[in-house]
Amino acid sequence: MKYQYQKAPNQWELSLFTGLGTTALDAKTLAKDVPCQAACPAQTDVPAYIDAIAKGDHAKAYRINLEDNVFPSVLGRVCTRPCETACRHNWTNVSGPVHICHLKRAGADHTPVLPPPLSPWFVPTQKRVAIVGGGPTGLTAARELVRYGHRVTLLEKENHLGGMMVDGIPRFRLPLDQVEREIDLIISSGIEVKLGQNVDAAAIRRLKDEYDAVLVATGTVKPKALDLAQGVSGLLPGLDFMRRYNQGQIEHLEGDVVVIGGGFTAVDCARACARAARRILGSDHNVTITYRRTEHHMAADLEELDEIRFEQIEVRTLATPLKVNTQDGAVVSVTFQRNKLSDKLGSDGKPAIEAIAGSTFDLPCTHLVVAIGQDADWSILPEDLRPEASPTVFTAGEFQTGSSDVIHCVADGKDAADRIDAFLTGQKRRTHHVTVDLVESRTQTGRTRDHDLQRTPAMPLLDLGARVDSTNEVALGHTDAAIQSHATRCYLCNYKFEIDQDKCIHCDWCIDVAPRACIKRTSRIFRDADGAPTDAIEATSAEKATFIYIDSNECIRCGKCQRACPTGAISMRKMERVACASEVSLHDLVAGARAEGKLPQNGWTPLRAKM
Amino acid sequence: MQRKMTFLLRSEEEEVKDAGLTLDFDEMARKGVMSKEEKTIAKWYGIYSSRQAGNHMARVVTPGGVMTSAQARNIATLSEKYGQGVLNITTRQALQFHWLKLGGLPNLLRGLAEEASTTMHGCGDVTRNVAACPLAETCPYRRTNVLPWAQKLQKELGDAPDLDNLPRKFKITLSGCGAGCAQPYINCLGLVAVERQRNGKTEKGFQVIAGGGMGWDPYVGQQLFSFVPEHRVVDIARAVALTYRDTGDRFNRATSRLKVVVNLHGIDQVRAWVLEALTEEGKATDDLETAPFEETGKPYPDRPLSELDDLAGTDGKAVVRLLVPRGEVTHHQFRQVAELSEIYGNQRVYTNNRQNLEIHGVEPGQVLELKDKIQALGLGTEGFFGIRDIVPCVGTTYCPKAVTETRSLHDLLLPIVTQDKYKPVDKKVLINITGCPNSCSPYRIVDIGFRGMRIREEETGSVEGYEMLIGGDQKAFGLKLGEFKKTDCPEIVETVLDTFLKVRGADETLTQTVARLGLEPFQQAVFQ
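In the order they appear, the protein sequences are chains L and U.
Reading the first sequence from the start, the letters are residues 1 to 611 in this note's numbering.
Reading the second sequence from the start, the letters are residues 1 to 528 in this note's numbering.
Hints were generated in silico from the structure; no laboratory data involved.
Hints are not guaranteed to be accurate.
As the list claims (entries may be wrong) - Output of the computed footprint for chain L on chain U, the stretches with three or more beta carbons under 8 Å from beta carbons of chain L: (1) 455 to 461; (2) 478 to 492.
What the hints assert, rightly or not - Using C-beta positions, here's what the derived DEER-type ranges look like: (3) L:Leu453 <-> U:Lys81: 41 to 47 Å; (4) U:Lys81 <-> L:Glu543: 34 to 40 Å; (5) U:Gly266 <-> L:Asp301: 52 to 58 Å; (6) U:Gln523 <-> L:Glu543: 27 to 33 Å; (7) L:Thr92 <-> U:Asp162: 36 to 42 Å; (8) U:Asp302 <-> L:Thr92: 55 to 61 Å; (9) L:Glu576 <-> U:Asp286: 51 to 57 Å; (10) L:Ala31 <-> U:Gln523: 42 to 48 Å; (11) U:Thr279 <-> L:Lys32: 54 to 60 Å; (12) U:Arg516 <-> L:Thr92: 53 to 59 Å.
No experiment lies behind these values; they were computed from the predicted model shown.
Just so it is clear, CB atoms sit at the ideal spot from N, CA and C, and this is done for glycine as well.
Using the sequences and the hints, build the whole thing.
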C-alpha cells in the first residue's frame, strides 16, 4: 500500500480510552496525576470528596472518607496530612496546598447523622478472627474483616476503645464525642468487643487455638526513657502524662514545666501543660518545650507552632538534655547543651546532631515531661508466636512499625485485613483498578482560573481565655463560605487531559494558551517497562517535534488547551480508583447501574479499548 | 491586590471585552508595545498580530467586495508606505495589509479614512465583512441586485452599538440566486434572493439560511425562513444577530459560533428566538414564511461562475476578471488595476471569493485590449473558477494559526493541474488549500480540498502534511481520501485527476462524480 507512513506510536498514559484499567500503567498514571491520593497511606479519593463538598454534598464526602480512611471526623482534625505536602498547588501556585484536612472535617461536621455501617463485600465465611488492641489499627482491621464476611472479636486492655485517639491526643485537638461516634459506627457493624482484657503471651496462645486468625495491634505502650533520670519525682513520661491528663487526673501543675521532645506527643503535652499550668491565664510559671533539632523537624506544622507560642509556651530548639538535676529526689532543673545540625544524616534519616562544646545552660523546672517516643511491647509475643513462626498470627499498626500516626494505622489496619482474608480464603479477593470515563461537558470541570487563585481564609481559632477548659476544641471549623472557597481551590487532578496524537496537527494553539509550561513540543518520550513516561526530549523546532505532549505533572486542569484545540484532539477523562471483587463483577455492576439509570450514560463503555 | 474573582465560566477574551478597553493607536505607537489585552481588542479595529513578532495585519472592510478606484489607489499607496507593498485578497472579499509595524498603524488608519475606507470591525466578535455575489450587479441569473443590501447590512449591523460584543464573529453573505456563488450555506447567515408569482405579480424576497460554518465541526446552514420580503432583510439579520448575541457560548470560543447554537438548540428554537427578538423590537413577524413555494426565477447552472467567461452582463457590458496567483498583489499591480478600472471599467475594483480581482462595466470591444494590459501586469486572464484557480489561505507566510505553508503546495500543484491532459476538466475541478482547521480557504466545499497538518515520523520529528478531501459541495462536504505528506500531494492530485478523467460522466464535475461513484475508485487508484 502506498502512502501508509510509519508513524511513531500514539502516546497514551492509560491502557484504554475509557473503561476499567487494570494494568500497572493505569495505577502509575493515577498515582502520578493525583498526588494527594497517592500520598495518603489509606489512598483516600481526595479530589472526589472535595468535589462533593464543593457541590454541597457533605454526606457524600463523608461516605467517601468513611470508606477510605475509616475515621473522617478524627482524621479531619489530627491527620498528619501527607496529602497536603503532595498537593499540586505546592508547585503550581504560590498560596500553598488545598487544606484537604480541614475539608475532611467540614464534611464530617456537616454530617450530623452518620450513615449506617458500610455493607459487607462478601457473604459470611464463618471464619473467626481475634484482634488484640482496640486502637485505630485494630478498629480498622475489625471493620474491614467484617466486610470480608468474617466474625471478629476485639479485645481491649482499657475500659474504652480508641487507643491513642482517646488516650494520646488531647481533647482540645480531638473532642471525645467525635471519636466515640465513629467507633460506635464500626462496632455497630457486628463486632464482638471485650473490654478490660489484659492480653499476655499465654492469652495469645489461647486465642491462637480458639480463632482462625489473631491480629496483634496493641500499638506502642512502652515509653522510651531518658537514661539521665530514673525514679525521680516530678518526672513524667509523655504518654502517661497525656493519658492521665485526658482522664482528668491532672488538672493543675504548680511550678515550671519542661517538655523534652519534638514529636506529636511532646507538642500535645506542652499544650496540655500550658493549660494545666494555667500559664494561659496569666500564672507566672513557664512551660518550655525543648527539642534537639529545629522547628522544621518538629511534628507541629507552622500553624500549630504559632498557636504554641500564642499559648505562651517557650520553644527552645537545638538543645540536648545532658543532666537532670534533682534536690531531695525531685527535679529542680535540667542541664542542656546547645548543638547544631550536621550536614550528614543520622540513622533515622534526619540530620545528625553535633554538640557545641561549652555551651551548656540550665532550665529550672518542677515538672519534667519526657516525650521522646515509645516502643511496642513485644514481650506479649514470644518468638514462637510471631508471624514468622506462626502463620495464623498477624501483627499490624504501631505495634509492628513503631510509633506513627492515625492515618498510617488506618492504612495498616486495612492492609492487615487484606492479608488475613487472603490467608483465610487462600485468595486475593479484592483488587484495585482505575476506572476511566470520558467526560464531555460543556463546562469541563466547572472550575475557572479564579478558583485556583483564591486567597482562602484561615481556620478560626478559640479565644485564649476559653482555652482554659481543656475540652474546648481550639480549631473551630470553617464557615460555609470558607469551606466553599477551600473546596473550589482543588484542581480536580482526577481529570486527565490528553492529546490524541492521531488527531493533533501540531498547531501549537494549546501551547499558546497554556498558563504554564505544561504542554511541550517533544521529539521523544521515554517510558519505563510499564509504559509510564519517565522523561522527554523537548523539540527545538516544529520539524523536530514528534508529539505535542501534556505533562500531567504540570497540568493544572484549567481546560484551556481543550477549548483551544481546533481538532478536538484533547480529551478530558475522569480517573477513579475502585476496588472490586473481580473485574467481571464490577463490569456487570456498572453496566447494570447504567441500564437502571443510576449512573450517567456519558459515553462510558466498559472496556472499549481504543488503542 | 487580589485578582477580581468572578468565578464566571467565560473565556479570557470575554473578561477582556468586559473590561471595556478602548484603544488609542497613537499612544500604543509611542509606547512601542501592545499588551495582550490590547491585542485582543485591536481585532475590533481590524488589526491582527502576524506570525512574525512585531508585525501586524490590517483587514479593510469592503462590503460585497467593492471599492472605488480612488479607494483602491489609496490602499495601494498605504500598502507601499506601511505594508511592504503587499496586499492579500480574502475569500470573504476583504483586503489585507501585512507587515505593518505598530508605529505605522495610526497613520495607516488615518490614511484609509481619507478615502472613507476603514478596517473597523474587520476582525473581532462583530458582524464581519458582508459578502455578496461578485457579479451581484450584472449576473444574468440574479433575482435582485444584492450588493446594495450587503452595503446596507454592513452599515446597520456593523455600526449598531448593541451588536459590537457578540460571542464570536458573525458572518453574513448574500446570493443573487439559488446557485449560491456567495456560499450562503457555510456562513452564519446566508441570504438567497428568490422570486415568485403571487396574484399575477412578481414578488421578490430572500430565503434565509442560518447556522452554516466551516472549521473542525462544519455545519450546513439550515433554512430559517423560506421567504421574507426583500425590504425586511435588515430587520431579520439584526434579529438573528441579537439572538446570537444572547445565546452563543461565551465560555468556549471553539463552540461559540451561531452554527453551534443552531445545531445545539435546533433551527425551530432559533426561529422562535428570532421572532421573539423581532417582536421585542416592535417589528412585524406576520410576513415571514417557512412554507416551501415555487421559485419562478430564471433557471441557473450549477456553477455559474465557471461558465461565465467575460460575461456580457445585464447592462450589456463585460466583466473582466484578473486571476491573482495565491491571492496576493503588489501595491504596483493594485494601483494599475485601479487605473485600468478607471480607463476601461466603471471606476470600481471588485474582489471575489476565489481571491481574484474583477473589473466591471467594460465595453465588449475593449476586452482584449484590457486583457493585454492585465497580462502585462503579471496577472492572469484565463481559468477563473477552474482547476488552476487554486485558493490557498495565507498559511504560515503570515498567519500565526496556520501549520503549513499553503502557498508552497499551491506552487507544487500548479504545474500538475495545468497540464494539457486536464483541459477537458479545466472548469470541472476547484482546489482549495487551508493551513489549519479554521478553513479560511473553505476546503470542504470544493472538488479537492487540502487541510494542513503535520505527520509525525518515527520519533524523529514531523513533516508538513495535508488531509485531502474530494467531492465537496456547500451542502455536502468533501470525503476524506487520506492524510499525506506535502511532498506526496502533487502525485496524488495527478492520480485523482487521471482517475477522474477515466471515470467521469459527460460534463460532470469531480464532485458530481464522487457523489455518483463514491470514494472507492479514487482510493483504489491512490493506494493501489
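Hint check results:
no., hint, in the structure
1, 455 to 461, "holds (count 7)"
2, 478 to 492, "holds (count 5)"
3, L:Leu453 <-> U:Lys81: 41 to 47 Å, "holds, 45 Å"
4, U:Lys81 <-> L:Glu543: 34 to 40 Å, "holds, 36 Å"
5, U:Gly266 <-> L:Asp301: 52 to 58 Å, "holds, 56 Å"
6, U:Gln523 <-> L:Glu543: 27 to 33 Å, "holds, 30 Å"
7, L:Thr92 <-> U:Asp162: 36 to 42 Å, "holds, 41 Å"
8, U:Asp302 <-> L:Thr92: 55 to 61 Å, "holds, 57 Å"
9, L:Glu576 <-> U:Asp286: 51 to 57 Å, "holds, 56 Å"
10, L:Ala31 <-> U:Gln523: 42 to 48 Å, "holds, 45 Å"
11, U:Thr279 <-> L:Lys32: 54 to 60 Å, "holds, 57 Å"
12, U:Arg516 <-> L:Thr92: 53 to 59 Å, "holds, 57 Å"
The structure is consistent with each of the numbered hints, conforming to all of them.
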